[in-house]
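S.K.: Line by line, the protein sequences are chains A and B.
Read left to right, the first sequence gives residues 0 to 179 (numbering that gives the first Met the number 0).
Read left to right, the second sequence gives residues 0 to 242 (numbering that gives the first Met the number 0).
Bear in mind the hints are in silico, worked out from the structure with no lab data behind them.
Keep in mind it's a predicted model, so treat the numbers as computed, not measured.
Idealized CB from N, CA, C, for every residue including glycine.
Treat the hints loosely; a few may be bogus.
[Unchecked claim] Below, a list of computed lysine to any residue pairs in the SDA-like style, where the Cα atoms sit at most 20 Å apart:
no., chain 1, residue 1, chain 2, residue 2
1, B, K235, B, V50
2, B, K139, A, K45
3, B, K235, A, R131
4, A, K45, B, V147
[To be verified] Counterexamples of contact, computed for chain A against chain B with all Cβ distances above 10 Å:
no., residue
5, A9
6, A147
7, W162
[As the list claims (entries may be wrong)] Computed, partial: chain A to chain B, Cβ under 7 Å:
no., residue
8, R5
9, A16
10, A52
11, P80
12, S81
13, A83
14, Y86
15, V133
16, I136
17, F138
18, L140
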Amino acid sequence: MATEARDRIAARDRVEARRRQAEAPSTVRDDSDDEMIVSFPEFIFKEFIAAVAMTVFLVLVSIFLQAPLLGQANPGVTPNPSKAPWYFLGLQELLSRFPPLMAGVAFPTFVIVLMILVPFLDRNPSRRPSERKVAIILFGLYMVIVVALVIIGTFFRGHEFIWNWGWVLGSPQTCGGAAC
Amino acid sequence: MKVIRGAVDEMWSVMEQMVGSVFRHGLPLTDKIAARTALTNFVLHIHPVRVRRSWIRMSYTLCLGGLSFFLFIVLTVTGLYLMFYYVPSINHAYQDMRDLQFVVTFGGLIRNMHRWAAHAMVITVWLHMARVFLTGSYKKPREFNWGVGTVLLLITLLLSFTGYLLPWDQLSIWAVTVGTNMAKYAPIAGPYTRYLMLGGHAVGDATLLRFYVMHVVGLPLIGFLLMVVHFWRVRKDGFSGGL
Numbered sequence: 000m001a002t003e004a005r006d007r008i009a010a011r012d013r014v015e016a017r018r019r020q021a022e023a024p025s026t027v028r029d030d031s032d033d034e035m036i037v038s039f040p041e042f043i044f045k046e047f048i049a050a051v052a053m054t055v056f057l058v059l060v061s062i063f064l065q066a067p068l069l070g071q072a073n074p075g076v077t078p079n080p081s082k083a084p085w086y087f088l089g090l091q092e093l094l095s096r097f098p099p100l101m102a103g104v105a106f107p108t109f110v111i112v113l114m115i116l117v118p119f120l121d122r123n124p125s126r127r128p129s130e131r132k133v134a135i136i137l138f139g140l141y142m143v144i145v146v147a148l149v150i151i152g153t154f155f156r157g158h159e160f161i162w163n164w165g166w167v168l169g170s171p172q173t174c175g176g177a178a179c
Numbered sequence: 000m001k002v003i004r005g006a007v008d009e010m011w012s013v014m015e016q017m018v019g020s021v022f023r024h025g026l027p028l029t030d031k032i033a034a035r036t037a038l039t040n041f042v043l044h045i046h047p048v049r050v051r052r053s054w055i056r057m058s059y060t061l062c063l064g065g066l067s068f069f070l071f072i073v074l075t076v077t078g079l080y081l082m083f084y085y086v087p088s089i090n091h092a093y094q095d096m097r098d099l100q101f102v103v104t105f106g107g108l109i110r111n112m113h114r115w116a117a118h119a120m121v122i123t124v125w126l127h128m129a130r131v132f133l134t135g136s137y138k139k140p141r142e143f144n145w146g147v148g149t150v151l152l153l154i155t156l157l158l159s160f161t162g163y164l165l166p167w168d169q170l171s172i173w174a175v176t177v178g179t180n181m182a183k184y185a186p187i188a189g190p191y192t193r194y195l196m197l198g199g200h201a202v203g204d205a206t207l208l209r210f211y212v213m214h215v216v217g218l219p220l221i222g223f224l225l226m227v228v229h230f231w232r233v234r235k236d237g238f239s240g241g242l
């Protein structure tokens with residue numbers, strides 16, 4: 000067992016050495032001297048604590064905050080405004096401003112393809128934030144735009160998806176004057 | 000007296016054998032036992048046996064990937080409970096939701112948990128992506144795993160979107176109408192794609208069944224397989240490590 004374990008550890012170290020080489024050591028902090036620990040129980044205990052905290056949070060939220068359930072679906076009565084789920088409201092917001100082909104199809108497809116290609120487009124080998132300002136600024140900009148569009152779509156689009164300064168979320172959806 | 004003592008000893012050793020057959024190495028009091036436990040335990044084998052402390056610093060990972068996976072588990076368990084009471088037909092769906100909320104034991108709580116966990120998962124997956132980007136962890140040799148992660152993000156959104164229709168209330172039917180209307184703008188394929196998604200020209204019984212099947216079987220299955228690949232690659236490509 001002892002020899003087997005030693006062999007295993009030696010093999011692991013060789014794999015790690017190869018990985019470090021592949022990663023261009025000059026651009027990554029050298030962590031080969033960092034303390035090595037056995038992942039069980041410390042690492043697993045941390046994950047366990049995170050999971051417990053999330054469970055407690057979810058149960059508390061679920062006790063005090065009811066999931067929405069409006070009236071039964073009625074294809075004959077369209078609420079105004081009709082909104083997509085919040086994570087698609089950025090797209091809906093774009094749709095209200097740009098031609099549908101562009102906002103509904105070309106733009107999302109472009110973003111998805113771009114995201115998958117990011118590791119191949121970003122030729123900068125460094126991982127240090129100070130050496131990749133352009134990437135971080137571009138990504139920050141992307142995040143800000145997405146969050147802003149979602150917030151606008153959620154809170155500032157009222158009747159007919161027209162701009163509304165009131166927090167729209169709290170007001171009931173209406174169907175031709177009557178509440179749904 | 001001796002006979003009773005012998006029987007008690009025998010029972011005790013059988014008990015020990017039973018416990019030992021499940022937990023093979025006792026309490027992890029030394030590193031050696033801990034390492035052996037991690038190596039031979041099915042649940043723990045997802046983790047490397049040894050890690051550098053700098054790789055798992057919570058201020059670096061923020062535990063976002065792990066939390067996303069945990070939320071997926073929460074959603075599977077709560078979803079299973081909801082499935083006992085829910086029939087995906089326009090004649091039953093809404094009434095089943097009312098029953099879940101007002102009649103079924105813990106139905107309201109479980110439904111709320113499912114709903115909020117779904118929103119939370121969209122957020123944690125999104126933040127996980129942001130963390131990986133900002134630490135440059137997608138760079139060689141992890142390009143492929145970044146791609147897998149992107150697809151997992153899309154699957155998370157689609158899971159949430161398909162689930163949105165299931166309560167069959169005014170919110171869900173019109174949100175899905177708006178959402179699927181976006182698909183029809185694609186050149187040539189658009190109207191066909193929309194027809195495929197809805198199983199007709201408007202959101203109806205066929206749509207509900209399609210969304211339900213994708214929500215409870217199709218997408219979770221694809222997502223689970225991709226998660227297996229994702230975690231496997233994290234192990235094989237190595238943790239990105241602190242900056």
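S.K.: Indicate, hint by hint, whether the structure satisfies it.
M.R.: Cross-check of the supplied hints:
1. K235/B to V50/B: OK: K235/B and V50/B at ~13 Å, within 20 Å.
2. K139/B to K45/A: 28 Å, violated
3. K235/B to R131/A: Violated. K235/B to R131/A sits at ~26 Å, over the 20 Å cutoff.
4. K45/A to V147/B: At roughly 26 Å apart (the allowed maximum being 20 Å), V147/B and K45/A break the hint.
5. A9: 12 Å, holds
6. A147: 15 Å, holds
7. W162: 18 Å, holds
8. R5: 12 Å, violated
9. A16: Not OK, violated: A16/A not within 7 Å of chain B, min 11 Å.
10. A52: 9 Å, violated
11. P80: 9 Å, violated
12. S81: Since the shortest Cβ distance to chain B is 4 Å, the answer is holds.
13. A83: Constraint on A83/A satisfied, holds at 5 Å.
14. Y86: This interface hint holds because 5 Å falls under the 7 Å limit.
15. V133: Check failed: Cβ of V133/A comes no nearer than 12 Å to chain B, outside 7 Å.
16. I136: Not OK, violated: I136/A not within 7 Å of chain B, min 11 Å.
17. F138: Because about 5 Å separates F138/A from the closest Cβ in chain B, which is inside the 7 Å limit, the hint holds.
18. L140: Because about 12 Å separates L140/A from the closest Cβ in chain B, which is outside the 7 Å limit, the hint is violated.
The structure does not agree with the numbered hints 2, 3, 4, 8, 9, 10, 11, 15, 16 and 18 stated previously, though it agrees with the rest.
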